[in-house]
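Undergrad: What follows is the residue order along each chain.
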Amino acid sequence: EAGVAQSPRYKIIEKRQSVAFWCNPISGHATLYWYQQILGQGPKLLIQFQNNGVVDDSQLPKDRFSAERLKGVDSTLKIQPAKLEDSAVYLCASSLNEQYFGPGTRLTVT
Amino acid sequence: GNSVTQMEGPVTLSEEAFLTINCTYTATGYPSLFWYVQYPGEGLQLLLKATKADDKGSNKGFEATYRKETTSFHLEKGSVQVSDSAVYFCALSANSGYSTLTFGKGTMLLVSP
Numbered sequence: 051e052a053g054v055a056q057s058p059r060y061k062i063i064e065k066r067q068s069v070a071f072w073c074n075p076i077s078g079h080a081t082l083y084w085y086q087q088i089l090g091q092g093p094k095l096l097i098q099f100q101n102n103g104v105v106d107d108s109q110l111p112k113d114r115f116s117a118e119r120l121k122g123v124d125s126t127l128k129i130q131p132a133k134l135e136d137s138a139v140y141l142c143a144s145s146l147n148e149q150y151f152g153p154g155t156r157l158t159v160t
Numbered sequence: 392g393n394s395v396t397q398m399e400g401p402v403t404l405s406e407e408a409f410l411t412i413n414c415t416y417t418a419t420g421y422p423s424l425f426w427y428v429q430y431p432g433e434g435l436q437l438l439l440k441a442t443k444a445d446d447k448g449s450n451k452g453f454e455a456t457y458r459k460e461t462t463s464f465h466l467e468k469g470s471v472q473v474s475d476s477a478v479y480f481c482a483l484s485a486n487s488g489y490s491t492l493t494f495g496k497g498t499m500l501l502v503s504p
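For the protein sequence lines, the chains are A and B, in the order given. Residues in the first sequence are numbered from 51 upward in steps of one, following this note's numbering. Residues in the second sequence are numbered from 392 upward in steps of one, following this note's numbering.
Keep in mind that the hints were calculated from the coordinates and are not lab data. Be careful, since some hints might not be right.
Here are some chain A residues pointing at chain B (derived, C-beta under 10 Å) [to be verified]:
{"id": "1", "residue": "Ala52"}
{"id": "2", "residue": "Gly53"}
{"id": "3", "residue": "Trp72"}
{"id": "4", "residue": "Gly92"}
{"id": "5", "residue": "Lys94"}
{"id": "6", "residue": "Ala143"}
{"id": "7", "residue": "Ser145"}
DMTMM-like, lysine to aspartate or glutamate: derived pairs with alpha carbons at most 20 Å apart [claimed, not checked]:
{"id": "8", "chain 1": "A", "residue 1": "Lys94", "chain 2": "A", "residue 2": "Asp136"}
{"id": "9", "chain 1": "A", "residue 1": "Lys94", "chain 2": "B", "residue 2": "Glu460"}
{"id": "10", "chain 1": "B", "residue 1": "Lys440", "chain 2": "B", "residue 2": "Glu460"}
{"id": "11", "chain 1": "B", "residue 1": "Lys496", "chain 2": "A", "residue 2": "Asp136"}
{"id": "12", "chain 1": "B", "residue 1": "Lys447", "chain 2": "B", "residue 2": "Glu433"}
{"id": "13", "chain 1": "B", "residue 1": "Lys443", "chain 2": "A", "residue 2": "Glu148"}
{"id": "14", "chain 1": "B", "residue 1": "Lys440", "chain 2": "B", "residue 2": "Glu467"}
{"id": "15", "chain 1": "B", "residue 1": "Lys451", "chain 2": "A", "residue 2": "Glu148"}
{"id": "16", "chain 1": "B", "residue 1": "Lys496", "chain 2": "A", "residue 2": "Glu135"}
{"id": "17", "chain 1": "B", "residue 1": "Lys447", "chain 2": "A", "residue 2": "Glu148"}
{"id": "18", "chain 1": "B", "residue 1": "Lys468", "chain 2": "B", "residue 2": "Glu454"}
{"id": "19", "chain 1": "A", "residue 1": "Lys128", "chain 2": "A", "residue 2": "Asp106"}
{"id": "20", "chain 1": "A", "residue 1": "Lys94", "chain 2": "B", "residue 2": "Glu467"}
{"id": "21", "chain 1": "B", "residue 1": "Lys440", "chain 2": "A", "residue 2": "Glu148"}
{"id": "22", "chain 1": "A", "residue 1": "Lys61", "chain 2": "B", "residue 2": "Glu433"}
Heads up, the beta-carbon is just placed ideally off N, CA and C, and yes, glycines get one too.
Only chain A is shown next, with the shape it has when bound in the complex (with noise of 0.2 Å):
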């Protein structure tokens, strides 16, 4: 079974330029979670969907970060403008029950 597929795997932008993340979550499985990861912290949720409906987005910045998973399938996450502390780890994750995650994007923010 393949798992949750990310791209890019690295990224580096300059602030106030913007970027965008891909996640292909596994098949079948209908919740999709975006998480930041900060250096040294544990993943931060930023949005759920089930489907292609937002279940939580309470923690995303919404002046910056945009989400959205059109047909239920793949997601992308984008940051316009970045700043510097927006340099993190984004990780997407999938699941029927148990949360499986991909391997992450790492971004820098320079």
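Put chain B on the given structure of chain A with help from the hints.
TA: For chain B alone, coordinates are given in the frame of chain A:
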């Protein structure tokens, strides 16, 4: 709100030593508890879980017991290997099912030969 507190690392052990990584939690109701492991350059992998009080989760020689009276879920292994070197995260989900995870900060384990 929900929170998870783990002992700070790094924890440095010699091969075959006994491992304990402490984890305590704060939550309302009856959360499910998890340990995830993150090997260098890889994503998080579920190591073990427990969904109700007094349950013991176990996998790959690791085990943890859900202690409601002390709100703890300490990770233990009797004899660590070099290949166990990784970052370990304790986490909870707010109800007996599977939902959003709240993670601790992680504890790095370094095992030397």
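Undergrad: Now look at each hint and say whether the structure bears it out.
TA: Here is what the structure says about each hint:
The beta carbon of alanine 52 of chain A is not positioned within 10 Å of any beta carbon in chain B (closest approach about 13 Å), and the interface hint is therefore violated. Residue-level restraint check for glycine 53 of chain A holds (minimum Cβ-Cβ distance to chain B is 8 Å; threshold 10 Å). Evaluation of the tryptophan 72 of chain A hint against chain B yields a violated restraint, the C-beta minimum of about 15 Å exceeding 10 Å. With a cut of 10 Å, the hint placing glycine 92 of chain A at the interface with chain B holds, because the nearest CB-to-CB distance is about 3 Å.
Proximity of lysine 94 of chain A to chain B holds as hinted, the smallest CB-CB distance being about 7 Å (cut-off 10 Å). Because the beta carbon of alanine 143 of chain A sits about 8 Å from the nearest beta carbon in chain B, less than 10 Å, this interface hint is met. Among the interface hints, the one on serine 145 of chain A holds; its C-beta lies about 6 Å from the nearest C-beta in chain B, closer than the 10 Å criterion. This hinted pair checks out: lysine 94 of chain A and aspartate 136 of chain A have alpha carbons roughly 13 Å apart, not beyond 20 Å.
Restraint check: the Cα-Cα separation between lysine 94 of chain A and glutamate 460 of chain B comes to about 27 Å, which exceeds 20 Å; the hinted pair is violated. For the hint pairing lysine 440 of chain B with glutamate 460 of chain B, the CA-to-CA distance comes to about 18 Å; that is within 20 Å, so the pair holds. The straight-line distance between the Cα atoms of lysine 496 of chain B and aspartate 136 of chain A is roughly 18 Å, inside the 20 Å bound, and the hint therefore holds. Between lysine 447 of chain B and glutamate 433 of chain B the CA atoms are separated by roughly 26 Å; this puts the pair beyond 20 Å, and the hint is violated.
At most 20 Å may separate the alpha-carbon atoms for a hinted pair to count; lysine 443 of chain B and glutamate 148 of chain A meet this at roughly 15 Å. Between lysine 440 of chain B and glutamate 467 of chain B, the direct Cα distance comes to roughly 13 Å. Compliance with the 20 Å bound is thereby established for this hinted pair. For the suggested pair lysine 451 of chain B and glutamate 148 of chain A, the alpha carbons sit about 18 Å apart, so the restraint of at most 20 Å is met. For the hint pairing lysine 496 of chain B with glutamate 135 of chain A, the CA-to-CA distance comes to about 18 Å; that is within 20 Å, so the pair holds.
For the suggested pair lysine 447 of chain B and glutamate 148 of chain A, the alpha carbons sit about 17 Å apart, so the restraint of at most 20 Å is met. A C-alpha spacing of about 7 Å is found between lysine 468 of chain B and glutamate 454 of chain B, which places the hinted pair at or below 20 Å, so the restraint holds. Between lysine 128 of chain A and aspartate 106 of chain A the CA atoms are separated by roughly 17 Å; this keeps the pair inside 20 Å, and the hint holds. Straight-line distance between C-alpha atoms of lysine 94 of chain A and glutamate 467 of chain B comes to about 25 Å, which puts the hinted pair past the 20 Å bound.
Between lysine 440 of chain B and glutamate 148 of chain A the CA atoms are separated by roughly 10 Å; this keeps the pair inside 20 Å, and the hint holds. A distance of roughly 16 Å separates the Cα atoms of lysine 61 of chain A and glutamate 433 of chain B; the hinted pair therefore holds under the 20 Å criterion.
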